[in-house]
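Residue numbers (the working numbering), protein chains in the order written: chain A, 1 to 437; chain B, 1 to 408.
No wet-lab data here; the hints were simulated from the structure. Backbone N, C-alpha and C fix where the C-beta goes; we use that ideal spot for every residue, glycine too. Be aware that a few hints might be false.
Said to hold, decoys possible - Heads up, simulated SDA-like pairs for lysine to any residue below, C-alpha to C-alpha not over 25 Å straight-line:
{"no.": "1", "chain 1": "B", "residue 1": "K211", "chain 2": "A", "residue 2": "D189"}
{"no.": "2", "chain 1": "B", "residue 1": "K393", "chain 2": "A", "residue 2": "D189"}
{"no.": "3", "chain 1": "B", "residue 1": "K228", "chain 2": "A", "residue 2": "D189"}
{"no.": "4", "chain 1": "B", "residue 1": "K211", "chain 2": "A", "residue 2": "K397"}
{"no.": "5", "chain 1": "B", "residue 1": "K278", "chain 2": "B", "residue 2": "K402"}
{"no.": "6", "chain 1": "A", "residue 1": "K418", "chain 2": "B", "residue 2": "K278"}
{"no.": "7", "chain 1": "A", "residue 1": "K397", "chain 2": "B", "residue 2": "E378"}
{"no.": "8", "chain 1": "A", "residue 1": "K255", "chain 2": "B", "residue 2": "Y79"}
{"no.": "9", "chain 1": "A", "residue 1": "K411", "chain 2": "B", "residue 2": "K402"}
Unchecked claim - Chain B residues, not near chain A, derived (Cβ > 12 Å throughout):
{"no.": "10", "residue": "F135"}
{"no.": "11", "residue": "V198"}
{"no.": "12", "residue": "S295"}
{"no.": "13", "residue": "K297"}
What the hints assert, rightly or not - To spell it out: a stretch of chain A is covered by chain B in this simulated footprint if at least three of its residues, at any positions, have a beta carbon under 8 Å from a beta carbon of chain B; those stretches are:
{"no.": "14", "region": "90-104"}
{"no.": "15", "region": "418-427"}
Chain by chain, the residues:
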Amino acid sequence: MSGGPPKALPSTGPQSLRDMPHPLAGSSSEEAVGGDSTPSPDLLTARSFGDKDLILPNGGTPAGTASPASSSSLLNRLQLDDDMDGETRDLFVTVDDPKKHVCTMETYITYRITTKSTRVEFDLPEYSVRRRYQDFDWLRNKLEESQPTHLIPPLPEKFVVKGVVDRFSEEFVETRRKALDKFLKRITDHPVLSFNEHFNVFLTAKDLNAHKKQGMALLTRVGESVKHVAGGYKLRNRPLEFAAIGEYLDTFALKLGTIDRIAQRIIKEEIEYLVELREYGPVYSTWSALEGELAEPLEGVSACIGNCSTALEELTDDMTEDFLPVLREYILYSDSMKSVLKKRDQVQAEYETKLEAVALKKEERPKVPADVEKCQDRMECFNADLKADMERWQNNKRQDFRQLLMGMADKNIQYYEKCLMAWESIIPLLQEKQEAK
Amino acid sequence: MFLASMTENNFSLKKIEISVSEAEKRTGRNAMNMQETYTAYLIETRSVEHNDGQSVLTDSLWRRYSEFELLRNYLLVYYPHIVVPPLPEKRAEFVWHKLSADNMDPDFVERRRIGLENFLLRVASHPILCRDKIFYLFLTQEGNWKETVNETGFQLKADSRLKALNATFRVKNPDKRFIELKHYSDELQSVISHLLRVRARVADRLYGVYKVHGNYGRVFSEWSAIEKEMGDGLQSAGHHMDVYASSIDDILEDEEHYADQLKEYLFYAEALRAVCRKHELMQYDLEMAAQDLASKKQQCEELATGTVRTFSLKGMTTKLFGQETPEQREARIKMLEEQIKEGEQQLKSKNLEGREFVRNAWADIERFKEQKNHDLKEALISYAVMQISMCKKGIQVWTNAKECFSKM
Chain A
1 MSGGPPKALP STGPQSLRDM PHPLAGSSSE EAVGGDSTPS PDLLTARSFG
51 DKDLILPNGG TPAGTASPAS SSSLLNRLQL DDDMDGETRD LFVTVDDPKK
101 HVCTMETYIT YRITTKSTRV EFDLPEYSVR RRYQDFDWLR NKLEESQPTH
151 LIPPLPEKFV VKGVVDRFSE EFVETRRKAL DKFLKRITDH PVLSFNEHFN
201 VFLTAKDLNA HKKQGMALLT RVGESVKHVA GGYKLRNRPL EFAAIGEYLD
251 TFALKLGTID RIAQRIIKEE IEYLVELREY GPVYSTWSAL EGELAEPLEG
301 VSACIGNCST ALEELTDDMT EDFLPVLREY ILYSDSMKSV LKKRDQVQAE
351 YETKLEAVAL KKEERPKVPA DVEKCQDRME CFNADLKADM ERWQNNKRQD
401 FRQLLMGMAD KNIQYYEKCL MAWESIIPLL QEKQEAK
Chain B
1 MFLASMTENN FSLKKIEISV SEAEKRTGRN AMNMQETYTA YLIETRSVEH
51 NDGQSVLTDS LWRRYSEFEL LRNYLLVYYP HIVVPPLPEK RAEFVWHKLS
101 ADNMDPDFVE RRRIGLENFL LRVASHPILC RDKIFYLFLT QEGNWKETVN
151 ETGFQLKADS RLKALNATFR VKNPDKRFIE LKHYSDELQS VISHLLRVRA
201 RVADRLYGVY KVHGNYGRVF SEWSAIEKEM GDGLQSAGHH MDVYASSIDD
251 ILEDEEHYAD QLKEYLFYAE ALRAVCRKHE LMQYDLEMAA QDLASKKQQC
301 EELATGTVRT FSLKGMTTKL FGQETPEQRE ARIKMLEEQI KEGEQQLKSK
351 NLEGREFVRN AWADIERFKE QKNHDLKEAL ISYAVMQISM CKKGIQVWTN
401 AKECFSKM
């Protein structure tokens with residue numbers, strides 16, 4: 001975009017939904033927007049970052065001066081991006097080996113973070129460091145600061161009600177470890193976030209606290225500029241595609257909330273059922289003690305019910321540890337995504353306001369003032385990043401839920417199989433004929 | 001269909017089939033001329049021809065629950081040494097929340113119909129009870145049956161002491177087997193009651209677990225509306241969750257049948273106890289009679305020899321008001337000797353009665369034990385089969401759901 005009066009705002013404006021590409025669609029219909037100031041739908045896919053590079057609003061120069069973390073400068077990273085979807089990944093991160101540390105002031109858990117990478121950003125091919133939850137929290141905050149146009153994965157909940165949940169129980173620690181592992185893996189899979197310098201430091205630094213104290217100000221150009229967007233700009237219209245995303249997220253979070261409540265209710269009912277079973281089984285034992293010929297069959301039934309009780313307990317434990325946390329994670333995820341959407345709105349609002357202000361001035365201007373152009377630049381970057389992340393998020397979400405729900409079905413199948421085996425095994429015992437007296 | 005042997009006018013034995021085939025709500029007037037609603041049950045008796053196995057309907061009449069009760073009370077009095085089969089419960093007990101405690105509830109009526117049929121089949125298959133005339137008339141004589149039963153005067157014969165469950169008789173030499181058996185019947189009653197109570201709670205909880213899953217159906221459907229690729233998988237999985245939730249109704253209905261089988265033996269325990277009590281009572285009477293005889297003999301001896309060792313009112317008054325005349329004494333001795341003679345006869349027959357009772361009762365108890373072991377084993381097997389079926393259904397539904405999820 002060079003010269004000429006400011007073009008129509010590159011928002012999608014008042015258009016019928018039908019003409020709008022579905023936020024989940026790849027490159028379906030063409031976005032009916034003003035010219036080439038906005039990336040075409042084709043560029044919503046990860047592959048097209050390079051092309052987008054070339055359609056920067058302020059000229060064709062790739063933003064070589066942009067900091068490495070900006071998505072608009074990923075020319076050479078394109079290759080790696082493609083490869084990440086395939087087999088040649090070049091960064092592997094794992095969280096494991098939780099250990100308890102008891103100090104005078106506090107007790108806490110650390111996890112081992114193992115990194116293997118062939119990337120040039122890493123001096124060594126392999127790293128192994130220990131981190132605690134607050135380090136992860138620091139990382140997430142830094143990512144949010146430095147990559148405000150991207151969706152940052154959520155962390156498992158920070159606060160646990162003491163006395164209700166044992167922070168050091170095996171189950172809790174394991175649940176947390178899995179969530180932290182997921183968190184890092186999501187960042188690893190992200191073509192932009194995985195190159196973030198804070199992430200690198202997190203994975204490699206021997207003494208993270210020293211780095212924290214230095215207060216590394218590795219803010220990207222975009223990041224800094226977004227930071228400077230003061231609130232208070234009012235957005236008139238959220239572009240339909242982002243409005244659709246917003247609506248989707250609202251409904252999504254709502255439905256997940258309902259599923260969470262249902263799952264919790266089921267677990268509660270199952271636990272109450274378990275309590276009754278634990279009283280039920282032993283009564284058969286008591287009866288068995290009164291009988292002669294029936295003693296063995298009754299004892300067999302008692303043992304059988306005991307086995308079913310154990311299987312049920314395993315089911316409820318699994319659901320509590322594996323199912324509920326993932327649901328909650330996604331609710332947190334969609335919450336943080338909504339706030340990113342709001343930030344995007346802010347950026348767009350600032351641009352629109354400034355543009356209008358310029359238009360109102362009667363003076364003839366040779367070209368759009370630089371700062372308005374910068375605003376437009378910011379907005380377009382933001383829009384592109386967000387759309388790309390949304391699509392990635394949708395794909396991952398689908399995989400995650402597919403796995404989660406299949407896992408839930410599996411656990412129930414296993415429960416019933418254990419019970420089936422128990423009951424089938426006592427049939428011969430029950431049918432056994434007593435030896436003729 | 002069950003086959004039993006029956007006597008008709010004590011002449012011949014026939015093979016018959018009995019069924020309680022229908023239940024009907026009726027209104028009528030009770031003894032106090034007040035309107036009441038009750039249920040009547042249709043009893044059909046068929047005689048089976050030996051050769052071709054064909055059955056012919058020979059009798060068909062309607063009876064209400066109170067008539068069954070009358071029949072049973074009669075049998076209890078006339079066959080105290082038999083473990084008389086119990087009736088299904090009068091009022092619904094051990095209900096979990098979905099079952100109705102209302103006697104007029106169609107499910108309760110249906111289960112009662114089955115229980116009454118079972119009762120008749122039990123009586124008809126009992127080697128001794130099946131020959132009873134009153135039982136025969138119950139199946140064949142609709143009108144006047146109540147009068148006929150009452151004419152037997154069985155209510156007068158009934159020992160009211162047997163009804164007082166908590167009355168204890170201090171028996172010195174009971175047959176140990178009966179004492180043990182009474183203990184067993186008490187414990188059996190207690191354990192089966194407990195079992196039935198807990199089972200009802202288990203059923204309640206299980207119902208809750210299944211039904212909550214139904215909510216997944218709706219929310220998956222709503223969620224699928226905002227999804228593109230995931231939509232179909234979610235929607236169809238939701239349908240399976242609905243199937244899962246509704247499957248529990250049939251499962252628990254089947255389980256009620258198991259509960260009814262247990263209940264029968266809960267009530268059988270009562271019948272067992274009644275036989276033990278009868279023995280206790282007979283033994284008590286015997287011991288009282290023996291004691292009385294011994295005391296009379298003693299008195300007689302004392303009068304004859306002039307020594308007073310035992311306390312007697314006569315002795316006291318004699319001391320206070322003066323000795324009796326020799327004639328008076330002779331008269332008393334003679335009376336006592338008469339009484340002693342009578343008493344010895346009575347004691348002899350009581351002893352005989354007692355021994356016969358023990359013999360007969362024990363024979364029936366052995367028969368009962370075999371029946372109980374067989375029936376309860378069958379009940380446990382069918383319960384296990386029910387559980388297996390429930391597990392298989394569960395596996396099926398979740399496998400289907402998993403398949404749907406895999407297509408997401």
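Hints, verified against the model:
For the hint pairing K211(B) with D189(A), the CA-to-CA distance comes to about 40 Å; that exceeds 25 Å, so the pair is violated. For the hint linking K393(B) to D189(A), the alpha-carbon distance of about 41 Å lies beyond 25 Å, and the restraint is violated. With a CA separation close to 23 Å, the supplied pair K228(B) and D189(A) stays within the 25 Å bound. Straight-line distance between C-alpha atoms of K211(B) and K397(A) comes to about 28 Å, which puts the hinted pair past the 25 Å bound.
At roughly 63 Å between alpha-carbon atoms, K278(B) and K402(B) are farther apart than 25 Å, so this suggested pair is violated. Between the alpha carbons of K418(A) and K278(B) the distance comes to roughly 49 Å, so the proposed pair goes past 25 Å and is violated. About 52 Å separates the Cα atoms of K397(A) and E378(B), which puts this hinted pair outside 25 Å; it is violated. The suggested pairing of K255(A) with Y79(B) is violated, with an alpha-carbon distance near 68 Å, which exceeds 25 Å.
For the given pair, K411(A) sits about 10 Å from K402(B) by alpha-carbon distance, which is consistent with the 25 Å threshold. Remark: the non-interface label on F135(B) is consistent with the geometry, its nearest Cβ contact in chain A lying 30 Å away (cut-off 12 Å). Once the 12 Å rule is applied to beta carbons, V198(B) is inconsistent with being away from chain A; the minimum gap is 5 Å. At the 12 Å boundary, the C-beta of S295(B) stays outside the reach of chain A, the nearest C-beta of that chain being 41 Å off.
Every beta carbon of chain A lies more than 12 Å from that of K297(B), the smallest distance being close to 44 Å; the non-interface claim holds. With a threshold of 8 Å between beta carbons, the proposed coverage of the region 90-104 of chain A by chain B is violated, since 0 of its residues qualify and at least three are required. Coverage of the region 418-427 of chain A by chain B holds [criterion: at least 3 residues with CB-CB distance below 8 Å; count 6].
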